[in-house]
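S.K.: Please build the complex by placing chain D with the ligand on the supplied structure of chain U, with the hints as guidance.
Listed below are the residues making up each chain.
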Amino acid sequence: MSVIEDVLESNATSNDKLALLDALRAIVPEQAVLHEEEDLRPYECDGLSAYRRLPWVVVLPERVEQVQAIMRVCHQRNIPVVARGAGTGLSGGALPHEHGVLLSLAKFTSILNIDVANRSARVQPGVRNLAISQAVASLGLYYAPDPSSQIACSIGGNVAENSGGVHCLKYGLTVHNVLKLDIVTVEGELITVGSDALDSAGYDLLALFNGSEGMLGVIVEVTVKLLPIPERAQVLLGVFDDVEKAGTAVGEIIAAGIIPAGLEMMDTLAIQAAEDFAHVGYPVGAAAILLCEVDGTNEEVSEHVMHVREVLCACGATEVRTARDEQERIMMWKGRKSAFPAVGRLAPDYYCMDGTIPRRHLAQVLKRINELSREYNLPVANVFHAGDGNLHPLILYDANQPGELARTEEMGGKILELCVQVGGTITGEHGVGMEKIDQMCVQFAQAELGQFHALKAAFDPRGLLNPGKAVPTLHRCAELGAMHVHHGQLPFPELERF
Amino acid sequence: MHNDLTSQLAAQVRDALARAAPLRIVGGGTKPFLGREGAGEALEVSGHRGIVNYHPAELVLSARAGTPLAEVEAVLAEQGQMLPFEPPHYGDRATLGGTIACGLSGPARAYRGAARDFVLGVSLINGRGEALRFGGEVMKNVAGYDVSRLQVGAMGTLGVLLDISLKVLPCTARQLTLVQERDAQESITLMNEWAGRPLPLSATCHDGARLYVRLSGAESAINAAHQRIGGELLNDGAAFWRRVSEQQHDFFQQGRPLWRMSLPAATPVLDVAGLCFMEWGGAQRWMVSDVPAEQLRRVVTEHGGHATLFRADEQSAVRFHPLPAALLALQARVKAAFDPKGILNPGRLYAEF
Ligand SMILES: Cc1cc2nc3c(=O)[nH]c(=O)nc-3n(C[C@H](O)[C@H](O)[C@H](O)COP(=O)(O)OP(=O)(O)OC[C@H]3O[C@@H](n4cnc5c(N)ncnc54)[C@H](O)[C@@H]3O)c2cc1C
Numbered sequence: 001m002s003v004i005e006d007v008l009e010s011n012a013t014s015n016d017k018l019a020l021l022d023a024l025r026a027i028v029p030e031q032a033v034l035h036e037e038e039d040l041r042p043y044e045c046d047g048l049s050a051y052r053r054l055p056w057v058v059v060l061p062e063r064v065e066q067v068q069a070i071m072r073v074c075h076q077r078n079i080p081v082v083a084r085g086a087g088t089g090l091s092g093g094a095l096p097h098e099h100g101v102l103l104s105l106a107k108f109t110s111i112l113n114i115d116v117a118n119r120s121a122r123v124q125p126g127v128r129n130l131a132i133s134q135a136v137a138s139l140g141l142y143y144a145p146d147p148s149s150q151i152a153c154s155i156g157g158n159v160a161e162n163s164g165g166v167h168c169l170k171y172g173l174t175v176h177n178v179l180k181l182d183i184v185t186v187e188g189e190l191i192t193v194g195s196d197a198l199d200s201a202g203y204d205l206l207a208l209f210n211g212s213e214g215m216l217g218v219i220v221e222v223t224v225k226l227l228p229i230p231e232r233a234q235v236l237l238g239v240f241d242d243v244e245k246a247g248t249a250v251g252e253i254i255a256a257g258i259i260p261a262g263l264e265m266m267d268t269l270a271i272q273a274a275e276d277f278a279h280v281g282y283p284v285g286a287a288a289i290l291l292c293e294v295d296g297t298n299e300e301v302s303e304h305v306m307h308v309r310e311v312l313c314a315c316g317a318t319e320v321r322t323a324r325d326e327q328e329r330i331m332m333w334k335g336r337k338s339a340f341p342a343v344g345r346l347a348p349d350y351y352c353m354d355g356t357i358p359r360r361h362l363a364q365v366l367k368r369i370n371e372l373s374r375e376y377n378l379p380v381a382n383v384f385h386a387g388d389g390n391l392h393p394l395i396l397y398d399a400n401q402p403g404e405l406a407r408t409e410e411m412g413g414k415i416l417e418l419c420v421q422v423g424g425t426i427t428g429e430h431g432v433g434m435e436k437i438d439q440m441c442v443q444f445a446q447a448e449l450g451q452f453h454a455l456k457a458a459f460d461p462r463g464l465l466n467p468g469k470a471v472p473t474l475h476r477c478a479e480l481g482a483m484h485v486h487h488g489q490l491p492f493p494e495l496e497r498f
Numbered sequence: 001m002h003n004d005l006t007s008q009l010a011a012q013v014r015d016a017l018a019r020a021a022p023l024r025i026v027g028g029g030t031k032p033f034l035g036r037e038g039a040g041e042a043l044e045v046s047g048h049r050g051i052v053n054y055h056p057a058e059l060v061l062s063a064r065a066g067t068p069l070a071e072v073e074a075v076l077a078e079q080g081q082m083l084p085f086e087p088p089h090y091g092d093r094a095t096l097g098g099t100i101a102c103g104l105s106g107p108a109r110a111y112r113g114a115a116r117d118f119v120l121g122v123s124l125i126n127g128r129g130e131a132l133r134f135g136g137e138v139m140k141n142v143a144g145y146d147v148s149r150l151q152v153g154a155m156g157t158l159g160v161l162l163d164i165s166l167k168v169l170p171c172t173a174r175q176l177t178l179v180q181e182r183d184a185q186e187s188i189t190l191m192n193e194w195a196g197r198p199l200p201l202s203a204t205c206h207d208g209a210r211l212y213v214r215l216s217g218a219e220s221a222i223n224a225a226h227q228r229i230g231g232e233l234l235n236d237g238a239a240f241w242r243r244v245s246e247q248q249h250d251f252f253q254q255g256r257p258l259w260r261m262s263l264p265a266a267t268p269v270l271d272v273a274g275l276c277f278m279e280w281g282g283a284q285r286w287m288v289s290d291v292p293a294e295q296l297r298r299v300v301t302e303h304g305g306h307a308t309l310f311r312a313d314e315q316s317a318v319r320f321h322p323l324p325a326a327l328l329a330l331q332a333r334v335k336a337a338f339d340p341k342g343i344l345n346p347g348r349l350y351a352e353f
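Protein chains in written order, with this note's numbering: chain U, 1 to 498; chain D, 1 to 353.
Extracted from the complex, chain D is given alone in its bound form:
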């Protein structure tokens, strides 16, 4: 199926605009839990799919937003390439558009970069029903404001993503995972010390008792780093990191609510009661905790971070970290610049817009 539904989707948006009827943008429907509850008529984008352009030697792939993430990854793998930010899928039907709109990145994020770092261009339909194109298929482009990266993590509130161009990278020659017993504080120190040295790190995590380190690169570089870092070789490291990324690891089966805390990597172990799983050298920490939201957020803010209520039974709660008043007002104006009538996924990110 290689369908270009641009004009149809634009017509649907214009129709909704005329009626001032909010739209709920749906890709593969794998992440309804993320963010605030969507409201409005469903706008299905999964039919708008297909790889539009792929030149392995250019390190660029462009695909329609409804293309299954798995299809994108398979096409890349055939050429020995990958999405460097290793996005989680959270379900078989995950689409590229949903992944970019949610701004999701996986285990390699701290070492290779985030989804937003690899977006080169997008086309989208704004809240006026206009189909627009920003950025492009080249590595460097500073013509006009960086509207493409602005879409990443915007949860579809600034536009219906149509096409996305990404920078891709060759898969590394070799990869291995090491595991060693360490407590959380020791692990934070070690992960950050290592990150300050020229070592081929590509993922780290701590499950509460053990520190896991993935090394990727040339054979020789990996062997040298293994010597230095120590630890036992983990069998089937790839499966381990996939379970972590997809939240199928045992840690994530321990109930709700699940918090995602984003912190300066070297932040010491926080004084928050609950279970903690660290990734990204300490910069992403998952917590299953019953500590009241305000209290938890206060601690995280004090350390220069922010907290997302990632999975919770209660849909109406504040999901993304509340913003200071001036910034919230500015973001509301940015939203209005793209979607003056507030018809695209209103309230999915913040209640105010």
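So that you can see chain U by itself, here it is in the shape it has in the complex:
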């Protein structure tokens, strides 16, 4: 795949590798340094398995001082470092560097402190997202952002990607729910950004680290904000015979002054797949369903349920269901949360897109995606965060069919450009990583990319952290450049551009 060439030039030799292994073994125990091919194999990709590459070396420290020492060793020797959490990322962000160290944070799994009075938890970066909420549930608290991968993904990875979840519409993304980070810099220095208070002095580097994709430093500790578990949550399921009507209903619910805790949409193919997988009683055959969760006090929820039901009906829902009990509510969400693996069973491979658009263009964009699906003869299932306009078209393909992956990527690229065209973005929550590096040239002009590089250099002047990811070189964009016009002013959107 062409994207993989865009990495640091390296003249590393096998002697360098032996010397590096010795240096690392002086920092961590022998078994925490992996270098045999069979041991490296599990680290060759993240959740986007279309991109694979073996790292030079994998190292698994378990103390912050070890991370610092490893960074110092790599810095001294000019060796690239790629941080890795749970490896569930969907944009190739944790794709290893062939002459670099893959720094796994997997052993940092302790919850260090729970501060009930201040409603915060201090945790190590390898702690799983869901583990935080489980640890504080008995206190009536939880950690709000809930990516569908929450049983597996790490909080460090969540920060690095600024991950979202189905409850982000009301409770915000990772950036809204993190108070403080401890960072090891590329030189091995330990710094703190953010604080235990609500803000901190100087530039908001805390905000900057959220979504920085391992490009600016290694996150070695995270203090998250905890929220009180709502008194009651209720979910409504609206059934539609037309995707456009469902799209309209999303806007109307919000226009009615209600901010649902979650507002998710699935289309026919996704409904079918989820139902076959999870058996939750979804209306197979419907054009679309909307899942709308409202939460708050008991009385408030009752008020809002009535209101949302009215809106759904007014927008043409053929049926509106409410969960009879907590059990049924959990089932309704289970279908949604298992939608990716469920769709995964429909074809040998699927490719998950992540564009975000202003919601008013929802119907138009979904229609165009359908057209692309027919043009490319690749089925698409749509399951997404409708409330915040974050689309996840899942393109079904078979990597073993010659040329099918390339066609899938081309179609995916078109979907992302379409998102930019209507005023949206190429990635809402999965990050740019390796995958969307070319679409960054569509989203941003040279001067903006130049500003990103300057900012990166303030943290990592030699470009050793996660090289080749997140921000394309100007050279790369220039090569693609003749084919693009920036800021969505594509004069002839129907023309072939790849």
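Hints are computed from structural coordinates only; laboratory data are not their basis. No false leads were mixed into what you were given.
Which chain U residues face chain D? A few, computed with CB under 10 Å, are given here:
id, residue
1, E189
2, N298
3, S302
4, E303
5, G431
6, A458
Taking lysine to aspartate or glutamate pairs in the EDC-like style, the calculated list, with each CA pair at most 20 Å apart, reads:
id, chain 1, residue 1, chain 2, residue 2
7, U, K17, U, E36
8, U, K456, D, E130
9, U, K180, D, E302
Since the model is a prediction, treat every value here as computed from it, not as a measurement. Quick reminder that beta carbons are idealized off the backbone N, C-alpha and C, glycines included.
M.R.: Same frame as chain U, but now just chain D with the ligand:
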């Protein structure tokens, strides 16, 4: 007046760059007291104004930086919406750009979020005179580094803000304010206990003798919470919170210097001599105190917070909390990444840059 002055402002910045002449960015001129004294030629941005885009159903508003804050709020109010972070104005001429550059948030901050939490995108002119756009008008966007949020509270030192896109929210159905007599320590405990329960809190403060709590939400939720929290109903709560936010409340008329202490909310009453007014569940504490700056800052640091000399007669003093050496050096490099010649509001945030 709906003027786009982008090219003119960019030309002014490039001209200043060529002469290495520092610029002092001026919006409505309502907050010269905040931060260190500005130096250099004035760059007036209040002419660059107007609402650029507003789609109530999208919960997004974009406006030019020179747009009066009052105009933004009025346009939102017409549609039953608001700026969730309730920024203070500190004067009639306050602009949206100045508010975001100063990173100011009002009474609801602890419960709904800060200015930075609602910024979705900005366009700006950096110190190279380039007009750049980051983020956008969508709720979720992780393409590129979050340069937009980085501008919030940067006091204009990283760029001249041109346009700002914000997430907005519907106004709540009902709002009421309760007051009860409590001492400071009791109030800290109560405010934090309540915040750990699912109650519709939207503002809290303690004036030294009384605890004020604002509830916002559905009628039924408010009534239930009132039962639980207790206290007398305050007449015209809206005016009360406005006086607090704008620092027109009596507390703020008691002299200088005025410190802003930002602390973990449940921090006990501090051993610092002076008058104290608490907001944000205890996370923001105003103090009128003559305790030497170093001593006061030491106490605040020990508790995991930081202190800003918010209003003082002496302009040259250290205003924002001093940073550890490594962090200061890093922030100086961030500044240089945007403004290599140091022409945008130099020294307004820290003397070093
Ligand atoms: C089935 C499925 C469903 C998903 N659903 C969602 C969803 O609903 N919402 C959502 O936002 N995402 C979702 N994701 C994507 C993914 O789970 C998130 O991006 C997650 O935050 C990645 O965490 P991780 O620990 O696996 O990180 P990794 O994949 O290991 O790494 C991701 C990036 O973060 C960097 N990184 C990791 N740890 C650190 C650290 N400690 N310091 C510095 N950099 C670090 C890596 O270098 C890499 O660039 C889903 C993925 C799958 C497979």
